Amino acid sequence: MSVDKVSDAISSPDESQPFAELGLKKDEYESIRGILGRRPTSSELAMYSVMWSEHCSYKSSKVHLRQFGTKVPKNNSMLVGIGENAGVVDIGQGWAVTFKVESHNHPSYVEPYQGAATGIGGIVRDIISMGARPVAVMDPLRFGDPENPDTRRVLTGIVSGIGGYGNCLGLPNIGGEIVFDPSYQGNPLVNALCVGTMKHEDIHLAKATGIGNAVILYGARTGGDGIGGVSVLASETFDADGPAKRPSVQVGDPFMEKLLIECTLEVLHGGLVEGIQDLGGAGISCATSELASNGEGGMHVWLDRVLLRDSTLSPEEILMSESQERMCAVVEPAKIDAFMAVCKKWDVEAVVIGEVNNSGRLTVESHGEQIVDVPPRSVAHDGPVYERPYARPDWMDVRQASGPENLVRPSSAAQVKQTWLTMTGTPNLASKSWVTSQYDRYVMGNTILAQPEDSGMIRVDEKTGLGVAVSTDCNARFAALDPYKGAQLALAESYRNVAVTGAKPLAVTNCLNFGSPEDPAVMWQFEQAVTGLADACLEMGTPVTGGNVSFYNQTGEVAIHPTPVIGVLGVIQNVERRTPMAWGLDGEFVYVLGTTRDELAGSEWAHAIHNHLGGLPPVLDLNAEMTLAEILVAGSREGFFSAAHDVSEGGIAQTTAEMAMRSGIGVRLDVPAGLDAFTFLWSESATRAVVVVPQNQNDAFLTLCQSKSFPVTKIGSVDSSIKSIELTGVFGETISLAIDELRVISEETLPRLFG
Amino acid sequence: MTPRVGVITFPGSLDDKDAARAVRIAGADSVALWHADADLHSVDAVVLPGGFSYGDYLRCGAIAKFAPVMEKLVDAANGGLPILGICNGFQVLTESHLLPGALTRNDHLHFICRDQKLRIENNTSAWTSDFNVGDEILIPLKNGEGGYVADEKTLDELEGEGRVIARYLEINPNGSRRDIAGITNSRGNVVGIMPHPEHAVETLTGPTTDGLGFFSSLLKSLVNDGKVSA
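These protein sequences, in sequence, are chains A and B.
Just so we're aligned, residue 1 is where the first sequence starts under the UniProt record's numbering, counting upward by one.
Just so we're aligned, residue 1 is where the second sequence starts under the UniProt record's numbering, counting upward by one.
In short, the hints are calculated from the structure, not lab data.
Some clues are possibly wrong.
Claimed, not checked - Here are the computed distance ranges between Cβ atoms for each label pair:
| # | chain 1 | residue 1 | chain 2 | residue 2 | range |
| --- | --- | --- | --- | --- | --- |
| 1 | B | 132 | A | 81 | 51 to 59 Å |
| 2 | A | 338 | B | 42 | 23 to 31 Å |
| 3 | A | 147 | B | 27 | 32 to 40 Å |
| 4 | A | 351 | B | 42 | 37 to 45 Å |
| 5 | A | 308 | B | 152 | 48 to 56 Å |
What the hints assert, rightly or not - Calculated cross-link-like contacts (lysine-lysine; reagent style PhoX-like; alpha-carbon spacing at most 25 Å):
| # | chain 1 | residue 1 | chain 2 | residue 2 |
| --- | --- | --- | --- | --- |
| 6 | A | 344 | B | 17 |
| 7 | A | 723 | B | 227 |
| 8 | A | 62 | A | 25 |
| 9 | B | 227 | B | 72 |
| 10 | A | 25 | A | 5 |
| 11 | B | 17 | A | 199 |
| 12 | A | 463 | B | 17 |
| 13 | A | 344 | B | 220 |
| 14 | A | 74 | A | 62 |
| 15 | B | 227 | A | 345 |
| 16 | A | 345 | A | 335 |
| 17 | B | 117 | A | 344 |
| 18 | A | 345 | B | 65 |
| 19 | A | 345 | B | 117 |
| 20 | A | 71 | A | 26 |
Unchecked claim - For the chain B half of the interface with chain A, some residues (derived, Cβ under 8 Å), not all of them:
| # | residue |
| --- | --- |
| 21 | 11 |
| 22 | 12 |
| 23 | 15 |
| 24 | 52 |
| 25 | 54 |
| 26 | 59 |
| 27 | 62 |
| 28 | 107 |
| 29 | 110 |
| 30 | 111 |
| 31 | 140 |
| 32 | 142 |
| 33 | 162 |
| 34 | 196 |
| 35 | 199 |
For clarity, every value in this text was computed on a predicted model and none was experimentally measured.
Backbone N, C-alpha and C fix where the C-beta goes; we use that ideal spot for every residue, glycine too.
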């Protein structure tokens, strides 16, 4: 086997190279030749091809994502911004929080278990590489038609993978989403969010500083998994009897990841590390080029020192391997022994593979032969940038014009009751406990709230009760009707879900899942969604701290609904003041905060009952959303609420049913004046929450609403003598829904489909 | 003197910090013990926490049994030291033959995390003396391999000697024989339980504080045995 050396590249400038098979365009290949002043070696070509991929370089999205950096709200809580492994936010008392959501969509469709498992592994390493201890995970998931047999394969595999990896890692799974829509049939979405906490002084960055410092690769050995496109290159350079195609989905080992977490935190807290980077997409290529590019600018790597799982790997494959559970640290020579001792304590293998220098070049040698000599910035940061064409598609007019006005609505008390029972059991509204009970939500002992509560809440400091709440949301049907508004509505819902639990919204992360950027209609959706999100974040004062873009969620010509999943992080000074969703005591008053309008476009009712998607999404007033949050947070702090719950998919019917099922105590409700029962129950107007107020707090609560000029409507009171929801004013009649019956309907759907 | 309770951390232990917190809330000092350190550091009792020791890629607990600290622990157990194995800790105790039987894959084949009702069946062990027989408690359960199995003779012996310390109520969440959630050895100092009392020690983070009873039982029995002063 001959290795393609730098000297070979100089002496054979005209040798043809498989750049197209590696996914590089002709002009991209030419620009690499321009940067190097010669043809790249096969190793260099491999590095550029993965680092300049859409996944690593954000080449199609960069021009739009810049808005998150230019439309930055005044908010002095940002400690580390976009561009690092994850953003870091100050939550007070010397504590900082880092959180980020990433996609693992494509691998999870090919191999659901490992795809979902390694998605968690990757996001967790992003968090520990900032110096934080991971404290919770969440999984926003999207699946196709629940009745399609392939959905069963995908869902059960993904859920097992999340549980199998996450449970073994010892991180509580505190929330997320499970949404079904046929648009995800060939492109399920597996997004994974991780939250980490640290003291300010423990923040670390991915920088290779200090000339002469060692670059240490530690964790799992490097194997042939996750090489993907590079197998093309391998087939060009290997002899006929060499290894064949490598699997392109990585395989996870959560036990090794757990050791890696403990080992990494110990070396960081021991002051043994100057810079640190996880190995994810593009493996050693990414870690070394990014570390060098962020630091002194030069690094030399001895590739043959890398510990291998498979001795037959070529240098190109070693550079590209996406084997999981690996990290790269920059360590002063005097601290190498101490670093190695910590690794040994945790049974983690480690080896010095390189050295920081001031050459301005990333150079790699293998068995004494120079195989890479590149400017690291050109690999890591100065990739191609595309201004892809985008245009509002004509079919948007048709879609927005065909609203839900003509859909048949229930027109009697009996029909309203039947609709309520049916809606309670739709796959999107039904209880998700069959899934979430497969995840450990208790480990670490700091989980204050977990699904099905509005947000997941974690206690950060046991002494002071300081905590954080996180929610992820996106109604993609709204984004399909209007991507600009849809992204803002997703932010508003996530923001509200955090506030409902009593936490003050502070910062935003996102996972932007879209179809092919080469389709101008998709690119328009993306541009609209990013602009909508950036505008809303600016107005609401919540900066975007980082995120992830996933394109090409498309089968043939059919793209998924634009799905900008928005995660909001909030802070609560004392978790004892959190507001749960279950009402508690007899006689408490039930209120709706906000205005209910006739807004059914994109609603779960239109989707589930009529399979309809058309019209314009609900109107959104960001200022009102912020006022609502102020009331929810103040009310929690002052003890005005025994319970609160956001109104979103499924409307007030779903909100009150969930509260009743969670508490087991009955409620008497009345359709308010000026609204018909149907609109009251199933409209999905934004900026609303149901709150439950003890009678002795009633006056103070109403005074608060009045001082903010925020609309509030009393809809009933809790009645512990009944085990049902009694609703009067339904076409002149009273309907009664037994909580036990609702619960049976809600809980049987997922086991019936997937159990 | 405040009792000192050791919590062993194996590679892959996950609920070790939770167990230590429960020990502290109950009023004892927690002492971190390390799998590779063959020394119990003169603790008054030991908790084997939940998790996936060594990844549990072989039978759960099968590798942990060979950890250097375990040799000392087995000797100490035979000498009467109070030992509580929770979940993976229970699995380690059966693999080490300090308790009979084995824990197998849940009968429904899924990992399950739920708030589980139990009935206390024995209040004479070192870890259950602060309960009354017949007490119903609610504590978290979370396992993938929690189905307790043993041969009929062993099960009859456990029942006959009153060594079943707790049974699942309402739902048997994992297919355990005779709804067994936890057992003790004949001396009553070694207890294994599949659900997690250490996750039910604070109202903020657990469904109840019923789990505290296991730790207050320990403190009570240490006092009674004259190991520590009241």
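**Asked** Holds or violated: 48 to 56 Å for the Cβ distance of residue 308(A) and residue 152(B)?
**Response** holds, 51 Å
**Item:** Satisfaction of the residue 196(B) interface hint, Cβ to chain A closer than 8 Å
**Value:** holds, 7 Å
**Message:** Tell me if the interface restraint on residue 12(B) is satisfied: Cβ within less than 8 Å of some Cβ in chain A.
**Reply:** Nearest chain A Cβ about 5 Å off; hint holds.
**Request:** So, residue 11(B) near chain A? Judge it on the closest CB pair being under 8 Å.
**Result:** holds, 6 Å
**Request:** Please verify that hint: residue 110(B), Cβ, nearest Cβ of chain A, below 8 Å or not.
**Result:** holds, 5 Å
**Message:** Between the alpha carbons of residue 463(A) and residue 17(B), is the straight-line distance 25 Å or under?
**Reply:** holds, 15 Å
**Satisfaction of hint between residue 65(B) and residue 345(A), Cα-Cα up to 25 Å** = Distance of about 19 Å is within 25 Å: holds.
**Prompt:** Are the Cα atoms of residue 344(A) and residue 220(B) separated by 25 Å or less?
**Reply:** Distance of about 40 Å is beyond 25 Å: violated.
**Request:** Go through the hint on residue 52(B) and say holds or violated, using the shortest Cβ distance to chain A against 8 Å.
**Result:** holds, 5 Å
**Request:** Verify the interface restraint on residue 140(B): the C-beta must sit less than 8 Å from at least one C-beta of chain A.
**Result:** This hint holds: residue 140(B) lies near chain A, its Cβ roughly 5 Å from the closest one there, short of 8 Å.
**Distance restraint between residue 62(A) and residue 25(A), which requires alpha-carbon spacing of 25 Å or less** = holds, 18 Å
**Asked** Given the hinted pair residue 344(A) and residue 17(B), is their alpha-carbon gap at most 25 Å?
**Response** holds, 22 Å
Hints 3, 7, 13, 15, 17, 19, 20, 26, 27, 28, 33 from the earlier list are contradicted by this structure; the remaining hints agree with it.
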